[in-house]
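Given next are the chains, with one letter for each unit.
There are 4 protein chains.
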Amino acid sequence: MSVAVGILGATGAVGQRLVQLLASHPEFEIETLTASEASAGESYSDAAKWRIESPVPDGVGEMTVTETTPEAVPEDLDLLFSSLPSAVGREVEPAFCEAGHVVSSNSSNHRTAEDVPLTVPEVNGDHLDLIEVQRDERGWDGALVKNPNCSTITMVPPLAALDDAFGLDQVTVATLQAVSGAGYDGVTSMEIIDNAIPHIGGEENKMETESRKLLGEFDGAGVSWHNARVEASCNRIPTLDGHLENVWVETAREATVEAAIDAMESYPSLELHSSPDQLVHVFTDPERPQPRLDRTLEGGMSIAAGGLQETDDGLQFNCLAHNTLRGAAGASLLNGELLLDRGYL
Amino acid sequence: MSVAVGILGATGAVGQRLVQLLASHPEFEIETLTASEASAGESYSDAAKWRIESPVPDGVGEMTVTETTPEAVPEDLDLLFSSLPSAVGREVEPAFCEAGHVVSSNSSNHRTAEDVPLTVPEVNGDHLDLIEVQRDERGWDGALVKNPNCSTITMVPPLAALDDAFGLDQVTVATLQAVSGAGYDGVTSMEIIDNAIPHIGGEENKMETESRKLLGEFDGAGVSWHNARVEASCNRIPTLDGHLENVWVETAREATVEAAIDAMESYPSLELHSSPDQLVHVFTDPERPQPRLDRTLEGGMSIAAGGLQETDDGLQFNCLAHNTLRGAAGASLLNGELLLDRGYL
Amino acid sequence: MSVAVGILGATGAVGQRLVQLLASHPEFEIETLTASEASAGESYSDAAKWRIESPVPDGVGEMTVTETTPEAVPEDLDLLFSSLPSAVGREVEPAFCEAGHVVSSNSSNHRTAEDVPLTVPEVNGDHLDLIEVQRDERGWDGALVKNPNCSTITMVPPLAALDDAFGLDQVTVATLQAVSGAGYDGVTSMEIIDNAIPHIGGEENKMETESRKLLGEFDGAGVSWHNARVEASCNRIPTLDGHLENVWVETAREATVEAAIDAMESYPSLELHSSPDQLVHVFTDPERPQPRLDRTLEGGMSIAAGGLQETDDGLQFNCLAHNTLRGAAGASLLNGELLLDRGYL
Amino acid sequence: MSVAVGILGATGAVGQRLVQLLASHPEFEIETLTASEASAGESYSDAAKWRIESPVPDGVGEMTVTETTPEAVPEDLDLLFSSLPSAVGREVEPAFCEAGHVVSSNSSNHRTAEDVPLTVPEVNGDHLDLIEVQRDERGWDGALVKNPNCSTITMVPPLAALDDAFGLDQVTVATLQAVSGAGYDGVTSMEIIDNAIPHIGGEENKMETESRKLLGEFDGAGVSWHNARVEASCNRIPTLDGHLENVWVETAREATVEAAIDAMESYPSLELHSSPDQLVHVFTDPERPQPRLDRTLEGGMSIAAGGLQETDDGLQFNCLAHNTLRGAAGASLLNGELLLDRGYL
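Residue numbers (full-length UniProt numbering), protein chains in the order written: chain A, 1 to 345; chain B, 1 to 345; chain C, 1 to 345; chain D, 1 to 345.
Wrong hints could be hidden among the right ones.
Said to hold, decoys possible - With the C-beta cut set under 8 angstroms, the calculated list includes, among others, these residues of chain B facing chain C:
1) Glu53
2) Glu250
3) Leu293
Stated by the list, open to error - Listed below are the simulated EDC-like cross-link pairs for lysine to aspartate or glutamate, each with C-alpha atoms no more than 20 angstroms apart in a straight line:
4) B:Lys49 with D:Asp185
5) D:Lys206 with C:Glu287
6) D:Lys206 with C:Asp185
7) D:Lys49 with A:Glu287
8) A:Lys49 with D:Asp285
9) C:Lys206 with D:Glu310
10) C:Lys49 with C:Asp185
11) B:Lys49 with B:Glu62
12) D:Lys49 with B:Asp185
13) B:Lys206 with A:Glu287
14) A:Lys206 with B:Glu310
15) C:Lys49 with B:Glu310
16) A:Lys49 with D:Glu287
17) C:Lys206 with C:Glu217
18) D:Lys49 with D:Glu37
19) D:Lys49 with A:Asp285
20) D:Lys206 with D:Asp115
21) C:Lys49 with B:Asp185
22) B:Lys206 with A:Asp312
23) D:Lys206 with C:Glu217
24) A:Lys206 with B:Asp312
25) A:Lys49 with C:Asp185
26) A:Lys206 with B:Glu287
27) B:Lys49 with C:Glu287
28) C:Lys49 with A:Asp185
29) B:Lys49 with C:Asp285
30) C:Lys206 with D:Glu287
31) B:Lys206 with A:Glu310
32) C:Lys206 with D:Asp312
To be verified - Just a sample of chain A residues kept apart from chain C, beta carbon distances all over 12 angstroms, derived:
33) Pro74
34) Glu137
35) Thr239
36) His273
Hint data in this document are derived by calculation from the structure and do not stem from the laboratory. Where a beta carbon is used, it is the ideal one built from N, C-alpha and C, also for glycine.
Using the sequences and the hints, build the whole thing.
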């Protein structure tokens, strides 16, 4: 028996990926699609300028898009996926929670709020129980759960493996990020062809804070952030999908490449529908992973790592993930599956 | 009165840039162009597949290409610029030096040899006097002088400025390198369109060693390498020209952004013909420098920096240079100008 | 003594190119820069997001931008260059003409109006005298002069040469157009990386109509359009600047490659400041012209041609021009220079 | 029961695609893989630098590569797929045919030979019986069958549909071809980033001759080529896969867009394993088909068309196909399936 779900902000780039992923999902069934007021009342096919290579899934194109307000969404919809613009999400997501919905959101608002779980299921699924604290404090029947930024998700699973194995004191990361991370219209061709941009507004800060919350400890009352120092430099390059990252870690205990590879490759995945069989795949060819070749590993839900080397005080490695699958739509979906699995729906 | 010069390996990508730069040079005049045995005897226009946007300079296309052997080059040619493939240069450059020529070489061989000056004129021009040691040891009338790798040159001037101001303990650098750095045929389009490659064979090691030699002290007998630890991760991205780098430095003394900008912008240039007016330009817009917009700053001979931020133990910044101008042909040329200025020709 | 000029729509992509070209112009001096109401009162540096590789010219950045209305522009400004969006230009350009200004416009409105000269100076500069008809009919002291669309300009000079030599019955053209032709934000990176788009709205029609007007005859009262049939197919590809076109012509008289090359290369240029020395350059290497290598020929004001071959009923050739120089800002400027030369200012 | 097959030239770009397609094929089983002498004796994993996004199929990587000579290939291998370089294929393919093998070849040699069938199964599968003539003349037990060039295949199905419906007098075509069409190393990144090349050596001629043979009539003794005039202009652009083409046809009878769409969409496919359900898909959105969005239609085996318009003497349209699937490896495979279906194996 499938759970009826809705998508808030269904016409954008991440919303479209959610539609694609949910259309053939065994546990969830799309019942409601929302968009801005201007599109309300239109069919999904008319409201969304569909940009994914496979066609709009059967049955979805004819659905009528509703406005993104609690009044326009059926009360009994247990789970809402949100890919709203951050400023919009900040306003309306709490209203949906108050109206009793559980919201699994990719939107960047509230990610570092004390009573909002920020989870990558395989890494810190236990943080989900922060929902109890949240409900106590806010008096909600629903709940608000967040997944991190796409560039953060890419590095957190390998970092979690290294933290377990050696302890982390410091993380330094340079990213090479795909244009799709900025949304369909986010980067013009004139900006990026034969070019690179060495700064992505707000992204460095997200990586530095969200990763520490994700790697932190939940004690039943709150999350103590990990105390590693994290320093990020984010670059946009002319690739379509797949964020590549160069990472240096200073470890608390001595680390070897062999033990690090073992820690990454044996880091446990889950048995959720969208979980990859193996969370982190480590390449031995130093020229891998590469965005175009490796971004669709295990349906775009695995992390690819490589280039491991020992340094004076730790390790150096590269990692890669598909930013709109594992890094956005797939991340929200996985949180939804975890919510179902843990009995929150 | 101009000095007659030759170019060893004149038909390759860097050789062509040298031809372009030398054609209108006030101090040097091209007298000899060499290439592999297969091209010897052909006109330069026939031997070189010219790939630069401006046409082959007047008078050069008709010159006859000679073989790359001391016998084929006039004895009285004071200065030879070398852009030979490294394996070839390793063999033949010493033979030219033995035959009495001064060789300013971009080829990667011999760069870390104890008696070979590796110089960026503005940074460590004084190392040039290592030629005396070299001549003593090798019994040459000529001399061999090297410029560093293109990715090393890009970061060394800002690092030198920071070293003077605060002292450097550690340098961590991630590069985003243009395809021209691999030579005209070095990166196929199938490898790099919609992609990035997180490793460039040998490049990381060059950055880690050459930068320490360049920042080292010459005491009249030899060079003591700088003892900062340097860790590099090199990436190839789909840009044509211009290497962009993200750099973190751990400084010996406390550093501020303001003092760092001042140190970089006031770092002295020289009065050589190809010297930029200002060696390092610092942008305040965090989205700059960008390869396509900033690689031709001061004719491609300046370093562009930006994104300066304080970190817990030092500073973070970005830098950029044109890899075939400041990073290769222009670097050799500048060494040639320094050799002339210092009386070595 | 220089003529004071203004730029209507000075902050957009073509407006910026006009600023760049006019800043060092010997005959014209920028006195007024206009933009939308939102930017009025700001300095040009603040109002324009400057995207050209060389910096904002000295003295221009500090100028105050005014609104695009006749009231906001000094009455005595003889010449206004317009790069307004077409819908805006359609409304306000006539108002400026009525207020006594001569407007040289790149905007697509009015191009095929009967009493509006559409000119490429070297090809049909005599059409400029249509201004007399225009003034009679509209009662203007000023005048409105247009240059054609960038893809049209690219092929018209070689077509004019072939028409003179052999007569033209039919023209079939496929274009490979650069992203800058759509303006800075016109094509997103997600649309065009690893892709091509086989249609550009309105562009095919512009090529089919504007080229026939340009190649038509002016008899003192009006322009009889050329009666060749013109069929165009327009494609957007991932290049930054430079439109490349494959053209087939059916000629009235038998054509040879040799005579065609001669007709193109000897087609007269003018002596205006921005005129190239040679209007059409013909390459014999069949792989040329190429956008990146040949778009800046003679400062981007020449047309490059190549690939000439005889067909059963005529000829086949390729041509290329820089779409924002010869194809837009440079085209308007050249019309301005012609207006000055012919005494219309 | 599956047919044992071999791949001549299995390590190249098309050879790798063949390996991928054959690995899961229900009728064929890979038994032999050949490569140049230098690779003979190596495992396939070592000999091939695998560049396809999915991994080397199970069991294939361990196979030992043999030399490309009849002696090195088992006598009882009924079918050999050839993706040899043309110059190599010209020499050795006949030797394999003489040794009794049936060769389905993508190599460009022999394509226009009088007794060699050149087939696109859905279009002119009946030409396959030219094998009888071939065997009579050459005394072979085996046979040589060719598929056309990738750019030819793209336009021939829609042209065949239009020929049936209206008759074709003339075809004019401009192509926008992907870099993979030149093989993995065929186009360097320095040649094509921010660029286009308006000529592909030999390609124009292939399109002009092969299309006329494919659309010709086979009368049991030989093929009378279609007498339409075909004029092609071939361009390389910065896309990875998918050739896009702009086509104009002059028709013998009056054509309408509606009838043309109907002719294309109802053009029959076959029931072979690799046949698409619908051979030609026609888009009504004039901005489609686009390489990145539409090249994988029906597993990359369909032709996408669009942009249909009436002209004075016929029609104009665009078409697109995946050049290494439908245009190369898939084309050879389909010919192999047809050979099996028609009892030639």
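Right, here's what the structure says about each hint:
1. Glu53: 6 angstroms, holds
2. Glu250: 34 angstroms, violated
3. Leu293: 6 angstroms, holds
4. B:Lys49 with D:Asp185: The hint holds at about 18 angstroms.
5. D:Lys206 with C:Glu287: 17 angstroms, holds
6. D:Lys206 with C:Asp185: 39 angstroms, violated
7. D:Lys49 with A:Glu287: Holds: D:Lys49 and A:Glu287 sit about 13 angstroms apart, inside 20 angstroms.
8. A:Lys49 with D:Asp285: 12 angstroms, holds
9. C:Lys206 with D:Glu310: Holds - the C-alpha atoms of D:Glu310 and C:Lys206 are around 17 angstroms apart, at most 20 angstroms.
10. C:Lys49 with C:Asp185: 12 angstroms, holds
11. B:Lys49 with B:Glu62: 14 angstroms, holds
12. D:Lys49 with B:Asp185: Distance of about 18 angstroms is within 20 angstroms: holds.
13. B:Lys206 with A:Glu287: Distance of about 17 angstroms is within 20 angstroms: holds.
14. A:Lys206 with B:Glu310: Measuring from Cα to Cα gives roughly 17 angstroms; hence the hint holds.
15. C:Lys49 with B:Glu310: Violated, because 28 angstroms separates the two Cα atoms, which is more than 20 angstroms.
16. A:Lys49 with D:Glu287: 13 angstroms, holds
17. C:Lys206 with C:Glu217: Holds, because 19 angstroms separates the two Cα atoms, which is no more than 20 angstroms.
18. D:Lys49 with D:Glu37: 16 angstroms, holds
19. D:Lys49 with A:Asp285: 12 angstroms, holds
20. D:Lys206 with D:Asp115: 18 angstroms, holds
21. C:Lys49 with B:Asp185: With Cα atoms ~36 angstroms apart, C:Lys49 and B:Asp185 exceed 20 angstroms; violated.
22. B:Lys206 with A:Asp312: 18 angstroms, holds
23. D:Lys206 with C:Glu217: Distance ~41 angstroms between D:Lys206 and C:Glu217 Cα, so the pair is violated.
24. A:Lys206 with B:Asp312: Holds. A:Lys206 to B:Asp312 sits at ~18 angstroms (cutoff 20 angstroms).
25. A:Lys49 with C:Asp185: 18 angstroms, holds
26. A:Lys206 with B:Glu287: With a Cα-Cα distance of about 17 angstroms, the restraint between A:Lys206 and B:Glu287 holds, given a limit of 20 angstroms.
27. B:Lys49 with C:Glu287: The given pair, whose Cα atoms are some 13 angstroms apart, holds under the 20 angstroms limit.
28. C:Lys49 with A:Asp185: OK: C:Lys49 and A:Asp185 at ~18 angstroms, within 20 angstroms.
29. B:Lys49 with C:Asp285: 12 angstroms, holds
30. C:Lys206 with D:Glu287: 17 angstroms, holds
31. B:Lys206 with A:Glu310: Distance of about 17 angstroms is within 20 angstroms: holds.
32. C:Lys206 with D:Asp312: The hint holds at about 18 angstroms.
33. Pro74: 33 angstroms, holds
34. Glu137: 40 angstroms, holds
35. Thr239: 8 angstroms, violated
36. His273: 28 angstroms, holds
In summary, the numbered hints that this structure violates are 2, 6, 15, 21, 23 and 35.
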